[in-house]
Amino acid sequence: MAEVKPEDMVHHPPMDQLQGFEYCIDSNPSWGEAIALGFQHYILSLGTAVMIPTMLVPLMGGNDHDKARVVQTLLFVTGIKTLLQTLFGTRLPTIIGGSYAFVVPILSIIRDPSLAQIADGHTRFVQTMRAIQGSLIVSSSIQIILGYSQLWAICSRFFSPLGMVPVVALVGLGLFERGFPVVGRCVEIGLPMLILFVALSQYLKHVNVRHVPVLERFSLLICVALVWVYAHILTASGAYKHTALLTQFSCRTDRANLISSALWISIPFPLQWGAPTFSANHAFGMMAAVVVSLIETTGAFMAAARLASATPPPAYVLSRGIGWQGIGTLLDGLFGTGTGSTVSVENVGLLGSTRVGSRRVIQISAGFMIFFSMLGKFGALFASIPFPIFAAIYCVMFGIVAAVGLSFLQFTNMNSMRNLFIVGVSLFLGLSIPEYFSRYTTSAQQGPAHTKAGWFNDYINSVFSSPPTVALIVAVLLDNTLDIREAARDRGMPWWARFRTFRGDSRNEEFYTLPFNLNRFFPPS
Numbered sequence: 001m002a003e004v005k006p007e008d009m010v011h012h013p014p015m016d017q018l019q020g021f022e023y024c025i026d027s028n029p030s031w032g033e034a035i036a037l038g039f040q041h042y043i044l045s046l047g048t049a050v051m052i053p054t055m056l057v058p059l060m061g062g063n064d065h066d067k068a069r070v071v072q073t074l075l076f077v078t079g080i081k082t083l084l085q086t087l088f089g090t091r092l093p094t095i096i097g098g099s100y101a102f103v104v105p106i107l108s109i110i111r112d113p114s115l116a117q118i119a120d121g122h123t124r125f126v127q128t129m130r131a132i133q134g135s136l137i138v139s140s141s142i143q144i145i146l147g148y149s150q151l152w153a154i155c156s157r158f159f160s161p162l163g164m165v166p167v168v169a170l171v172g173l174g175l176f177e178r179g180f181p182v183v184g185r186c187v188e189i190g191l192p193m194l195i196l197f198v199a200l201s202q203y204l205k206h207v208n209v210r211h212v213p214v215l216e217r218f219s220l221l222i223c224v225a226l227v228w229v230y231a232h233i234l235t236a237s238g239a240y241k242h243t244a245l246l247t248q249f250s251c252r253t254d255r256a257n258l259i260s261s262a263l264w265i266s267i268p269f270p271l272q273w274g275a276p277t278f279s280a281n282h283a284f285g286m287m288a289a290v291v292v293s294l295i296e297t298t299g300a301f302m303a304a305a306r307l308a309s310a311t312p313p314p315a316y317v318l319s320r321g322i323g324w325q326g327i328g329t330l331l332d333g334l335f336g337t338g339t340g341s342t343v344s345v346e347n348v349g350l351l352g353s354t355r356v357g358s359r360r361v362i363q364i365s366a367g368f369m370i371f372f373s374m375l376g377k378f379g380a381l382f383a384s385i386p387f388p389i390f391a392a393i394y395c396v397m398f399g400i401v402a403a404v405g406l407s408f409l410q411f412t413n414m415n416s417m418r419n420l421f422i423v424g425v426s427l428f429l430g431l432s433i434p435e436y437f438s439r440y441t442t443s444a445q446q447g448p449a450h451t452k453a454g455w456f457n458d459y460i461n462s463v464f465s466s467p468p469t470v471a472l473i474v475a476v477l478l479d480n481t482l483d484i485r486e487a488a489r490d491r492g493m494p495w496w497a498r499f500r501t502f503r504g505d506s507r508n509e510e511f512y513t514l515p516f517n518l519n520r521f522f523p524p525s
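Each residue of the sequence shown is one higher than the one before, starting from 1 at the first, in UniProt numbering.
Hints were generated in silico from the structure; no laboratory data involved. There may be inaccurate statements among the hints.
Now the in silico label distances, taken between C-beta atoms and shown as ranges [claimed, not checked]:
id: 1; residue 1: N208; residue 2: G424; range: 41 to 49 Å
id: 2; residue 1: D16; residue 2: F158; range: 20 to 28 Å
id: 3; residue 1: N281; residue 2: F158; range: 25 to 33 Å
id: 4; residue 1: P113; residue 2: R489; range: 52 to 60 Å
id: 5; residue 1: H242; residue 2: V425; range: 43 to 51 Å
id: 6; residue 1: N281; residue 2: D120; range: 31 to 39 Å
id: 7; residue 1: T277; residue 2: I233; range: 46 to 54 Å
id: 8; residue 1: L226; residue 2: N63; range: 30 to 38 Å
id: 9; residue 1: V425; residue 2: L151; range: 26 to 34 Å
id: 10; residue 1: S141; residue 2: R489; range: 35 to 43 Å
id: 11; residue 1: G184; residue 2: R439; range: 15 to 23 Å
Predicted, not measured: the structure shown is a model, and the values here were computed from it. The beta-carbon is built from N, C-alpha and C at its ideal position, and this holds for glycine as well.
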């Protein structure tokens, strides 16, 4: 066999910005294309906006009308939070939606004896929602203080490309339960959606119409429309009349009851459920979820920067974004969305799938959220898409985000046993520990931490149920204590250093400068 010459060996140099994007963070497609792409992001964001209220509202005692109002409120506030983040926060093309990290403390509030004993379902729902609102309002101060005081920027000094690999990777991989396990609940809808989406977005992506790669850019809209019609045909033909209730709920297009329950026009407003109630026990428990969402959001910001073909956000910009996320959680508490805030991971993945990382597209998407949340019936129509359709898309989007996390390995030395140890252990424990907490909770109907102090239980169960949070704890601890003096270059710090300050790289000003010349009043550090 002929010997391979060194010059024939493929060498891929590390790239500060991801290449091959049609539109990056500050470049924009035509208005027509941008509006269509924005609507596509809106459709994708509906999955989480419907799933969280569908899971929590019945446990709170609410009916279908209450669920429809919560979905409308969550979408309305998501639009506002997204506009604020893209204008004044990190300015990355990220949608700030509902978060599953808050489920653990919210379930603790729902099970509180003082609320659980209320006999009337609607009264119990309203009182529980007010308790959740109070907890969110108080706990939002954590992110506001850490963000605007630049404390999170100081904490980020302990991050490195090596430490970010497992965190960003598990922002995607850690959501595996929202993927194929949900597809499997209605495989006759979910599997065709998955196959069709991969076929159109990847294998047929070079099909152009007037020089626009229509199938690559709009495959999500096309596939959702086709499979949704197919699901409706199955529903109308009676295919699910004699199936189990879970199958009917997952497959039928008329089971959500959102359209019949929603009002034609309904504008969410602050304190619409009444005055929030405050409890120290509930608020301390909710603070754990706020910390978890902060860490998950940090990882998602790193992925979004990469998929918007931007440089990594400087510490100052990252901290500014966390401060605005705290404002978002405060708005969740004031309006009563039933959950807190985090970056929508699936929409970050869609940036990569379409190869369009434009900030304007996300801002247009936020406009759709606000508009359709006020037109209740029309918004509910789109929100009635069966969950397995969304789950099929998640299988691709979460995978893209996970791969972006792994791409940070190019800036490190993976021939170092130290680095292999840190990445391997943090990835494994980041998956294994939350899986233990999940299985324990499912079997015992309570988390592994079940002392008499409810707030402490919520802290432990929330933190260790989050894969990115566990990965951050393990990776940052090992990365900053293990052979630290000799490992700076192996960790990727020479590459990372110039992106840690706003003026460390000339491109930061292009990507992250505030609009309306606001940097005069808020000079970056």
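Status of each hint after checking the structure:
no. : hint                       : verdict
1   : N208 with G424: 41 to 49 Å : holds (43 Å)
2   : D16 with F158: 20 to 28 Å  : holds (22 Å)
3   : N281 with F158: 25 to 33 Å : holds (31 Å)
4   : P113 with R489: 52 to 60 Å : holds (57 Å)
5   : H242 with V425: 43 to 51 Å : holds (50 Å)
6   : N281 with D120: 31 to 39 Å : violated (24 Å)
7   : T277 with I233: 46 to 54 Å : holds (47 Å)
8   : L226 with N63: 30 to 38 Å  : holds (33 Å)
9   : V425 with L151: 26 to 34 Å : holds (28 Å)
10  : S141 with R489: 35 to 43 Å : holds (39 Å)
11  : G184 with R439: 15 to 23 Å : holds (18 Å)
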